[in-house]
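Here the protein sequences line up with chains A and B, keeping their order.
Numbered according to our numbering, the first sequence terminates at residue 337, and the numbering increases by one at each position without gaps.
Numbered according to our numbering, the second sequence terminates at residue 329, and the numbering increases by one at each position without gaps.
Note that these hints are calculated values from the structure, not bench results.
All of these numbers come straight from a predicted model, not from anything done at the bench.
Keep in mind that a hint or two might mislead.
[Said to hold, decoys possible] For lysine to any residue, the following SDA-like pairs were computed, each having C-alpha atoms within a straight-line distance of at most 25 Å: (1) K200/B <-> T275/A; (2) K200/B <-> G45/A; (3) K278/A <-> E153/B; (4) K200/B <-> R107/B; (5) K278/A <-> R132/A; (6) K200/B <-> R132/A; (7) K200/B <-> D138/B; (8) K200/B <-> K175/A; (9) K278/A <-> F154/B; (10) K200/B <-> R144/B; (11) K175/A <-> R132/A.
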Amino acid sequence: MQQPVLSVERLNVSVQTADGWCPIVSDLSIEVAASETLCLVGESGCGKSLTALAIMRLLPRGARIDSGRILLGGADLAALDEPALRDRRGRDLAMIFQEPMTSLNPVMTIGEQITEGVQRHERVSSAAARTRALELFNRVRIPDPQRRLAAYPHQLSGGMRQRVMIAMALACRPKLLLADEPTTALDVTIQAQILEMMAELRAEIGTAVVFITHDLGVVAEIADRVAVLYAGKIVEQTDVVSLFDNSCHPYTRGLMRSIPRLSRQAGGAVVDRLTEIKGMVPAPTAVPTGCAFSPRCASATEQCAVEPFAEPLAPSHLVACWHPETAGLAAIPGGAR
Amino acid sequence: MTTVLEVDRLTKHFTFRRGWFGGEGAVRAVDGVTFALDQGETLALVGESGCGKSTVARLVLRLTDPTSGTIRLRGEDVTRMAGEELRRARRNVQLVFQDPFASLNPRMTARQIVAEPLINYGAVAEPAFGRRIETLFDCVGLARHQWDRFPHEFSGGQRQRLGIARALALNPAVLVADEPVAALDVSIQAQILNLMADLKRDLGLAYLFISHDLSVVEFISTTVAVMYLGTIVEIASRDAFFGNPRHPYARALLDSVPVTHPSRRGRRALLQGEIPSASALPSGCRFRTRCPMATAICAEQPPPLEEKARGHRVACHHVERKTSAAAVQ
Ligand SMILES: Nc1ncnc2c1ncn2[C@@H]1O[C@H](COP(=O)(O)OP(=O)(O)OP(=O)(O)O)[C@@H](O)[C@H]1O
Ligand SMILES: Nc1ncnc2c1ncn2[C@@H]1O[C@H](COP(=O)(O)OP(=O)(O)OP(=O)(O)O)[C@@H](O)[C@H]1O
Ligand code: SF4
Ligand code: SF4
Ligand SMILES: [Mg+2]
Ligand SMILES: [Mg+2]
């Protein structure tokens, strides 16, 4: 891989509960290079959003970084103070949220918000900032951009608001873009437009993207590499093709099998039954000791009472499991141990 | 086969004031929807946000009154029923909610939640009462030690099981499920979908299943109806629909589903434009503002929902009838 733009080393995040601080994200390490998209996948509550917010250093009250380094352009974001961070947000790194309404100011026009964002980081006249905003609106294919600049957020549809968010996030050509489920709230036809547009812009600007989703279809569309989280830990991390062809962790494999697929895409007849992963997702306050997946895992043995650590099974294919299913890997040069 | 639910030219318009002096506007949330649901069948309603799916559900459940049209439950016209008569009829159609948590009383135990409809309707007396509860919990796979727990002590998937048990309590003919798995974790969705498929088979239910997820719909449905801005634009058996979608919107919807493997990425004919507002509908065909096939006639006349192949109805001026297409060749 090229020199990473972002490298997160052993990040630990916890949240405050009635019984004290509870670890949510444990020893998370990821790297993303320029023009690359890393997808973070996992069930609800596994810590995806907290990871992104920790990287932005925008964790809410009641959540904190316990340890770890967040290296971006030579600096450790985890060690910067608020003024230094404010200077970098927007310029070096930017974030898109699932629900754009929460991050747009309801009483300012869209145009005012974008020009303000541009002027915070660059010394340009309002006229120049406005021209930039117009350019961006054209790029994210907002029809009738002049009129849209004068609109307030509530006057736009969900898809349009998400485009505005993307335009704002990319206004200063950040090195890193964090996208937290940017299409989950959108309809499929609009989702398809936005994903295509994000892929184009990423290629053009060369931004490194961390894309959070729980939808494996979206992963198949947009990821270069994927990190699968379960209960706050990365259980498998690899390139997107290996993930779909040779996933090794029992949870990842179970997930792949349990999602219904369109027969016209998967080829073949509609299945009568879906393959289930039994049991349920543990609450963060009641994560099983040892391997967190063990109560649901068909391959579990006594050894799984001890926590497995992430090991490379093939070049850049990390799996944290004592009994990975490596049948598919043996055929790959350098694959399996 | 017995038809358990019939809906004929069902319409629901919401009126609102356009500003202070603007006069009345109307949202045509449901605008002339017709379908029939047989025992043992699952009719899936699909379509984008705001197209009227939940409003159809609320009409069928008689939670809101239609502007016009009729609803028949097991042959009986329930459209204008009220009071005790309506209460009796309602036993036959029950709702499974999208968000199981919001729909369960937090101060009642699982057992009380499931027992409530039985008590309200005086449906089952002791000693059969206890057995009925046990059967219902068995059906949905909740164990005995969980009966006295409160909703917050259950996971999302378990809460959805509880919601289904309650919906089944009165032996309804029809279950209306409005996005029943959308709020669940991916690894839990398969459990609930399998459960619903099993229950339908074992209990001879019929489902009106609302979803925007076409992969889920293909798994669970026997018939698919695609809605766009309040109207059905295509309705066909599952296999006919997924094998050969005819309406330009239905095709676009299927093309927009994310791929199942990264090797299948590629340029697709994506729809441009946004969904128009239901209070400012385009003239003629409602899809014409986004339709790649639109011509002049599409702006002039709304296309009727016509049979284009056996049992396959489509509302589009430019979809040919199968028979006539064959005759030309
Ligand atoms: N401010 C907070 N205070 C206390 N707990 C929190 C806070 N924010 C998040 N949590 C908890 O931390 C865990 C991880 O939350 P996070 O939002 O990162 O999940 P997620 O993976 O993004 O889930 P989803 O897919 O539902 O968005 C959850 O159990 C959540 O309840
Ligand atoms: N009580 C109401 N008053 C006014 N308008 C309403 C009301 N309920 C629904 N609508 C409007 O009717 C239309 C259809 O809404 P409905 O909730 O049926 O859509 P839906 O297909 O279920 O969408 P979603 O997928 O987002 O749940 C929308 O334009 C909505 O704004
Ligand atoms: S470590 Fe053991 S329990 Fe965990 S996933 Fe691997 S086999 Fe299953
Ligand atoms: S009637 Fe015209 S606009 Fe409507 S779907 Fe058919 S071709 Fe498109
Ligand atoms: Mg989240
Ligand atoms: Mg709805």
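Hints versus structure:
Simply put, K200/B and T275/A have alpha-carbon atoms about 18 Å apart, close enough for the 25 Å limit, and the pair holds. Simply put, K200/B and G45/A have alpha-carbon atoms about 31 Å apart, too far for the 25 Å limit, and the pair is violated. Distance restraint check for K278/A and E153/B: the Cα-Cα separation of roughly 18 Å lies within the 25 Å cut-off, and the hinted pair is therefore satisfied. Distance hint between K200/B and R107/B is unfulfilled; the C-alpha atoms sit about 30 Å from each other, more than 25 Å.
Taking the CA atoms of K278/A and R132/A, the gap is near 52 Å; set against the 25 Å cutoff, the hint is violated. Simply put, K200/B and R132/A have alpha-carbon atoms about 57 Å apart, too far for the 25 Å limit, and the pair is violated. For the hint pairing K200/B with D138/B, the CA-to-CA distance comes to about 15 Å; that is within 25 Å, so the pair holds. In summary, the hint linking K200/B to K175/A is not supported, as the alpha carbons are separated by about 52 Å, beyond the 25 Å threshold.
Taken as a hint, the K278/A and F154/B pair is honoured in the structure, with Cα atoms around 15 Å apart against an allowance of 25 Å. With a C-alpha separation of about 23 Å, the suggested pair K200/B and R144/B falls inside the 25 Å cut-off, and the hint holds. Under the criterion of a C-alpha separation no larger than 25 Å, the hint pairing K175/A with R132/A is consistent with the structure, at around 18 Å.
In this structure, the hints that do not hold are numbers 2, 4, 5, 6, 8, in rising order.
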